[in-house]
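Trainee: Protein chains in written order, with our numbering: chain A, 1 to 759; chain B, 1001 to 1336.
There's no promise every hint is true.
Each computed DSS-like pair below joins lysine-lysine, with the alpha-carbon atoms no more than 27 Å apart [as the list claims (entries may be wrong)]: (1) Lys1277(B) / Lys49(A); (2) Lys1249(B) / Lys280(A); (3) Lys54(A) / Lys66(A); (4) Lys280(A) / Lys1248(B); (5) Lys177(A) / Lys49(A); (6) Lys1208(B) / Lys264(A); (7) Lys264(A) / Lys1248(B); (8) Lys1081(B) / Lys54(A); (9) Lys1046(B) / Lys177(A); (10) Lys281(A) / Lys1081(B); (11) Lys177(A) / Lys1158(B).
A few chain B positions that, by computed beta-carbon distances, are all more than 12 Å from chain A [to be verified]: (12) Thr1044; (13) His1113; (14) Arg1161; (15) Glu1166; (16) Arg1178; (17) Lys1249; (18) Gly1270.
Note that these hints are calculated values from the structure, not bench results.
Glycine residues also receive a C-beta, built at the ideal position from the N, C-alpha and C atoms.
Spelled out from the first residue to the last, the chains are:
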Amino acid sequence: MRLPIFTISLLLLVSVCRVQACGGLFRIDPKDHYLFYLGYPEEKYTEWKARTEKEFRAENIDYWHKYVNKKVSAKDVEEAIYSGQLPSSQYKFFNYLIENNDTLALKYWSIVNAPDNYSWNTSEWYYPTSKESHPESSSFVSNKLNINTVAQCNDKGLRDRFAFQLIRRAFHTASFKLCIDAWEKYGSAIPESALRTQCQSYYAGALYYTQREAEASVAFAEVGYFEQWLHYDIDVLRQVYRNQPNCPSMEFIVQQIVNAYFDKCNARDLGMAGWVTTMKKKNEFDALANEVLADGKTNNPALWKSAQAAMEYIGGNKSIALKLINEASKMKGTDAVKENVRLMRTVFLAADNTTGKAYEKALLPDLKWLAEKVKSDSYYCVEHYMCFENFEGLEQFRMKVFKRVVLVEIVSHFEKLGQPERCLAYLNMFAEATGNKHTVEIKPLPKDADPMAWGAFMDISSGEYYYHEGYRTDYGTRFFVYADTARPETLKKYMAFINTKGKSDMDKFLLSNGYKDLDFCNELLGTKYIRMAQWDSAIAYLSKVPDKFLMTQNIVEFLPQRNPFREEWITNYRQGHYDLPILPAELYAEEPTKLNFCRIMKQLQDYTQSSDPTVRDNARYAYAVAMYQMTQLQAWPLTRYCYGVVNTLPDLYYEADMKTTHMQARELADKIISSSSDRNLTDKAFLLKYILLWPEAEYIFSYKFYNDWDHWQLTDKKRDRYYQLCVNALVKEWCSHNKTTLPDGYIYLTFCDTEQDHQ
Amino acid sequence: MLVKTLKKTVATLFMLSALLAISCGGSPDSALEPSNGVYYWRTTFKLDPAERTFLAENGVNKMYVRFFDVDLNPDTMSMEKCVPVATIDFADTLPQGVEIVPTVFITPQAIVHYRDFTNNFARRLYAMCDYNHITPNEVQFDCDWTATTRDSFFAFLKEIRASLGEYFEGIRISSTIRLHQLSQTPPPVDEGVLMCYNTGNFRDFRTKNSILDPDDVRPYMKYLKSYDLPLSFALPVYSWNVEFDSHKKFMRLNNGQYDFSDTVVFKPLGNNVYLFKEDGEEDIYIRYESVEAEKLLEVKEMLRKNRGHNSNIILYHLDLQQIQKYSKDEITDFYH
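Extracted from the complex, chain B is given alone in its bound form (with noise of 0.2 Å):
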């Protein structure tokens, strides 16, 4: 009788070990569609014939444009705590063939308060598309929830999905996923994009690159390859210039271009750190961040090596300005 309940307890806790290897072994990925991605990220939407034409040419089949932010209302006169800010200005028609998915960064102060918001939020989201002829299958919601905010988030998640399916039927949701948020369990959502970007502090004179170091994103591929929904990768294509005063200490991010070849201006100091100097007015320290494409394709074979290779690509974000300083060759490596 011994054995045969040994042998019992045994085969069951084989079945449930292989059963949930078998859950667990198959890429979650593979439930995504295939597509080529970009965000848009302004406040006016309109795209020059060069930005079409970058649209046609890599295949680009979904567009991730933000629509606005949501934040804490500094407008004592509303009654509304939370209040949608830097609405983006339809102002040019929107591209044939691509697909919009209307992206909602949500900031983390306003999340704990999203019971105050959530209905007025579908509704503007319903009357924004309507308005701007965009019917959407997928909703995004970018929000930098921690510990702390997660629970809010996951709550907002959950009543949003039944809010805007009262204005669109079968409408999917997806989520931006931070590297740091890969430890913890995924948020309640159809699919997930992890932002491949954001990487280091920006505001520290140290950092050599806030948007994206290699070395910043390996230790988070251990939590990778388990978690448990689909994911997407957002890689960056865009640059900045991160200016410090004479002390060091942070100032702004500047999007401008600068003539950084002009060294009577812009002293090199290496590491593309720049000593910009001006009669009369304090030196200001600015540290040019870009990414090589070299680096955007290590990290994409990172993330494929650990993941799979059912993930979609989504470029952030669609600055032609910026986006040229790569190869047409080069854009497509990234895509494929």
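One chain only, chain A, in its complex shape (with noise of 0.2 Å):
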């Protein structure tokens, strides 16, 4: 039954409400993200190919312009063996060979060339068809080209060649053992040079496929070779060290090695066992790097004591990591090396809690700095959900730190303290650091444009139709999310500390990096009221507001078209017939703004005084009608700044404020019942119960949001059984005030507990 219920409801959120692209979610805790950061696999792989193509290609022309005696220019050679069919006497390069009687080289390139003779654009893919030659087999390797080529060439030059070609062949062909073979006995006696490194890659990737793993990443890494399916290990780091001290991949493996203690400790299954194991690996890589940094063989020591720093950070201990990352940011070493230690002591000071007053102040330079770069970097993200997924790039990782330094650390430490109104300052700053845009373009709408396709809305004033140009981003940061949910004391102290000019050195960072905006605030200080029923605090602060600002707003189309007064769940519904002096549907439609639906229920509220009890009980349903849909999908801008299938913020962040409202809605329906004689109006007032049961249902499960929107789950089954029970008791309750049994049919939900009773 849960299944049903909930398609229902995603359904009905799918057709009533308008998907509008605002942002506010976190779809992952910024702690989750790695610490340290070198480099992702998918960025040094582009680097190291790009690199080594590039030197490949001299190193190649070079050759063989000198293996000519530099006869025929570089040029020559280089066009005839990139961009020709290999060997054709059309190019000077092969001419030379040809007239040279060279058949060793010419035997050479024939070999080279046999791809380029039958593949279509010369593809690794290729693969004949029936009506083509079949030359790229295992046989071709052997028949042609083997150990004993190899061994027959005398020259010295031309031998490393043809061992390249061999290694490369077997390879692709799979034969992995040849592969090793040919290179162990030719391949590795070719000096240092990029063509050894093209042989030793593909020896790393034949280890790689004879499960030879941690053999393969020693020479994967010996060559630079950065991917994802080098085996990160210490061992391998280890004989990595010792073999090369300054290996380039060095770097990369430490940073996966870090990682992967980081996987470990946040693994929630990793049992007494795995922790056992992954502290043997913490203390293994203490060891060699306290090693390392004891011989004084590397020239990248920062490397290793930051690894060490960011280890004790992760496993807890902090004092000793800040300790550790402070002696990092003395040492030697690479400029990714040295950001990233400045990166990490930016965490380390945000999460020290052991300052005190001082926390501010260790804290600022980094802060600033971080902040500075976040600005400057050409990586636009405001605070949308989508900034979470698939970043790379150190552009991306900063923004990650921050991220964890302001919404996780910075926050916390001063909600420990009891300071909201402070963590929105730091979340203002934080915002617009990341692009927030507060202004949106206002156009009029073009002549016979449909207002609803172009979501334009009405200047009440005049009457004109405008449309907005792009969209507010300040309705879907953190800061905003901050400011809309926290009381209205706290927003009051951060409206009181903006304007101001600030006490000390971080006040005036803050101040100078905030937005400050008192009409932003007092529109949410207003709209805060209205969640709370609280008619005359709302009027105030909303009266503030003027037009110009409430226009910008991406509220401001949705507001006419969702009156609160209309009961939409009752088919042919008579709009605003209640016997009341006022119409309150049709007075909101006149002005459908805030201010006004607080001035109508502030005049309903009276009413429901009223001693004449017609006006009192019609005053009393349409005030809980208004109270239930202010917050409901019928008329959500008057409490909500989005509300959408993806973007919304859930229903938790508000659920006090709608609880409250919603059992008054339901008090005033009981009242409704146990007073009026009306049988039309105590029916109606039953509807609205019944209504009302599905957020009343809601507010006793909650949910899970995970990084994919796939798969947020309903986690407490519950719920149906809850509403059921529910639907029963007020249908039984319906009965009984109107004295009257079930008509015929009618059947009651059932309870069901297992899904499979439904099956």
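Put the two chains together into one complex; each comes in its own frame, and the hints tell you how they fit.
Mentor: Rendered as structure tokens:
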């Protein structure tokens, strides 16, 4: 039963509301991102590929240029071997070989040439059709090119190249043993060069495919080949260090080991044995790092020290981590390591709760530096949820660290101190640094355009239609979420702060880097009071907000479309036909604003105290309907800033206020039922109670958001049972109230504890 | 009016739940064409007479032949980031009456670059089929995708369906499904093959049997019933030796046939673990792993109990030396 109800609610959501492009949620906790970053595999691979390609090409041209005693220009050599049909007499280079009867070199080129004769676009993907011959096979390797072919070649340079072709072909034809043998016999004797690198990477691949992963990883690391298939192991790292203390892959392997430790420490099901192994690995790494730092062969000591610091931090030893990272910041290191050290230090300082009043002073220089870095990055991303997906690269990593520093560490620091208004100041600075956009272009609607299709809104004073080009992003930031869900007192304190010039250096930094707009805050505060049904306060704050500001809001087009006094659940509902001195639905339609809504609600509230029972009960009903509607699909723009399938802030953010207003609505419905003799009105009150069951049922289960929207799940099965009980009780209550029995054919909802019961 | 509205709502709820129950209740496996299958996972296609007899005797009419793997290209001279690796060499005639399903393994490292190779992939697959006189009705993809690589794999499947369609009219595509993938959305394919093997970590010395342990399969059964894709089951009939060094650290997998009855060379330590001692050489621990017929049947029953009886069985993989350890009756039981 759970599934259909959920399906219906989703269908309702899809069909009734319009999806608005607002941001809002954190799909992944910033703490779940890696702390240590020196490049992702993809970036490293791209960098390595481009570099080695370039080196190999230059070296190859140079070799053949010298081979022909420079009788053919380097340009002609390049043209012949990289763009021509090989070996063809139309190129000077091959002509030279033919004229000099260099059969060995020509044989070499005929082997290299083989793929080109039959390939589409020289693709490695080539395979012949039935109309073609099939030279690329293991038999090709064994007949034309084998260990003996290489051995028979007396010229050392040419022999190296024959060896390269053999290793390459053997790899591509899955002759891994031959590939390994050829490397061991000939490839490993090739002097340090791009050619050797090429050979060694095939050799490493062959080791990998024969399950010799540790050896493969050492070989891959030595050629600087970064990819996810490297085996990141302390033993591999140790071996690589011993072979080449300054191997370029070292940074990457260390990073992967630190991040693997991070993964292990965050794994929920590690178990005792897993934990012991993890700690053992950490200690092994520590010992190796100490050994490396002591023997002085590395020219990147900050790498090792900062890796130790990261592991301590991950393991919860924050003070040791801070001490180590401060040491690392004074050591020699590559630019990437230096920046990583500073990023980590910023996190550590933000998480350091031992400094008391000196907290902000210690943090300020690094926070300023980081905010400036993020601001200057071309990577533009307001806090939209998509920011958390697929991000790679240093700019995105800085953003992740910035999020971690502000959203996790600083916010929790000040929350613990009971200063949520300070959190708002930091969040505001954060939103600005990450490209928050406060303005939106307002354009007049083109003639004959359909206002609905354009998402247009009407300027009440002129009656003209306008539309937004783009949208404000500041109703989707974490600052907004925090401000929108904070208690009114917090927002008031924050508003007082932004009206000052600031006392401390941090105050000044936050003020000069934050967005100060009292209209924005007054509007938020007024809306907050609507949610709390405190009409006087709401009116007081909303009255301060000019129309000009309201026209920039994303909700402006939705307010007129969604009348809170219309009972959409009643078929052919009779709009505004209450026995009241006012017709609330019509009054709202005349001026669809939050302020007008508050004034109508205030008036209705007064009528609920009327001595005229008809006016009182109708006012109770209209008031109760709006109390429900203003939080729900029908009139959400009165209490929220976005409501869609994807970008909506979950109900749980507003749950406390919604519970209160819904409870009030229910109480009013009960009062109508007990006091009114108008059958039509009592039936409608019953129906309202039935409608209220939906959100009430929602309160007792919670959403759990995962990093993938396909996987948000309803977690409490009791909801179904609860809902059914409520519906049945309500039906009984209605029967009892009207002294009647259920008509024939009425089916009670039945209980079902398991989905199986319904199959 | 209230009752009327309530009735309407209740009736709607019931209608919807009934519709969903109907749509979920029938086994999607009934859409499968009944067949007995076998994987062919070697790099040279060559069947000896005994293997041909095996196919004929067991009514094997579908053979999933690994054509090549797709992996990252270690060749920096190439413009192509991903390349086919270990392409099969067809060195023998194809068996009569057996449908060949080209099967391709794509590494998780490669799948994220699927855009680089989708078109070449289709062209190559066509060329391979054409050259070797294969007319496929189905192509199968094998990829150990996870939440991180799922989007890429699914997008690849959608694109490759269109690309293959240019060469093969009405081609069906299928995908292997690993047990851990059962909890996720099924891939956009016509059918799946649940790989009921490699259930344990072979690198861990403490693992008893990494090929198949019913206890490792059991936790996934809760997902099987409602998995919304026609499924066949692949059962392992292979064995291997997992070798560890003297510190019990994983060294390699070995398909060699050791004579474990020679207890002087292979000292039995229990649980199919042997200590290989040779003068002057480091000790090697060898864990011989294979799956007994009873275990295979236990898993098969577990699967059928949770999924129904419409699923086809595919044995992994055709290697008579390995398969011969099962009796003819046992093989029959696997399939039926």
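Trainee: All hints are to be evaluated individually against the structure, with a verdict given for each.
Mentor: Structure-based check of each hint:
no.	hint	result
1	Lys1277(B) / Lys49(A)	violated (44 Å)
2	Lys1249(B) / Lys280(A)	holds (15 Å)
3	Lys54(A) / Lys66(A)	holds (18 Å)
4	Lys280(A) / Lys1248(B)	holds (16 Å)
5	Lys177(A) / Lys49(A)	holds (25 Å)
6	Lys1208(B) / Lys264(A)	holds (23 Å)
7	Lys264(A) / Lys1248(B)	holds (21 Å)
8	Lys1081(B) / Lys54(A)	holds (16 Å)
9	Lys1046(B) / Lys177(A)	holds (20 Å)
10	Lys281(A) / Lys1081(B)	violated (34 Å)
11	Lys177(A) / Lys1158(B)	violated (37 Å)
12	Thr1044	violated (8 Å)
13	His1113	violated (9 Å)
14	Arg1161	holds (18 Å)
15	Glu1166	holds (15 Å)
16	Arg1178	holds (18 Å)
17	Lys1249	violated (8 Å)
18	Gly1270	holds (20 Å)
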